[in-house]
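Make the full structure from the sequences, and use the hints.
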Amino acid sequence: MTDPAKVRRHAERIRELVASVVRSQIKDPRLGMITITDARITADLRDATVFYTVLGDTAAQASTAAALESAKGMLRSTVGKALGLRHSPTLTFVLDEVQDQVKHIDDLLAAARNADAEVQRLAAKAQYAGEAQPYRLDDEDADVEDTETGDDEPRGDRR
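Just so we're aligned, residue 1 is where the sequence shown starts under my numbering, counting upward by one.
Don't read these hints as lab results, they were simulated from the structure. Backbone N, C-alpha and C define an ideal beta-carbon position, used for all residues, glycine too. There could be a bad hint or two in this list.
Derived CB-CB ranges, DEER-like [stated by the list, open to error]:
1) Q101 / D28: 41 to 47 angstroms
2) Q25 / L109: 56 to 62 angstroms
3) Q101 / P134: 23 to 29 angstroms
4) S24 / E118: 50 to 56 angstroms
5) T42 / A111: 37 to 43 angstroms
6) G56 / E118: 34 to 40 angstroms
See the structure below:
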């Protein structure tokens, strides 16, 4: 089996290599504002998945995906030579949707904050529906029972 630390080192190296090559060697006009966010490689070091984000709309994402697909051969040969492995890993490019998920979570948190602020605002103006103390206290219970039975002693003390 392959050492997990070695696999992590190779994945990190693949991320760095692909980012460097995309920045300096690929001159495709379809390539947008791209950031290589992560790379993962299988334990047998044969398949690598490279995650990337693109600044822009879906058209920019689609054109960047096409540019990466067309440059996949050059990227694979560069990675294979730099890693010095017997077999160059195949590269798969996956659009990383972490930014969209972060934006969605931020929107949900903002909505929750607004709802909490609304509840606080309503609670500040709220008043009790009945008395301020809706429950009977023990002292009042004993007095009420004494007047009903006509005894001077509280009920709990009799045997």
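Next item on the list: Enumerate the violated hints, using their earlier numbering and listing them in ascending order.
Entry: 1, 2, 3
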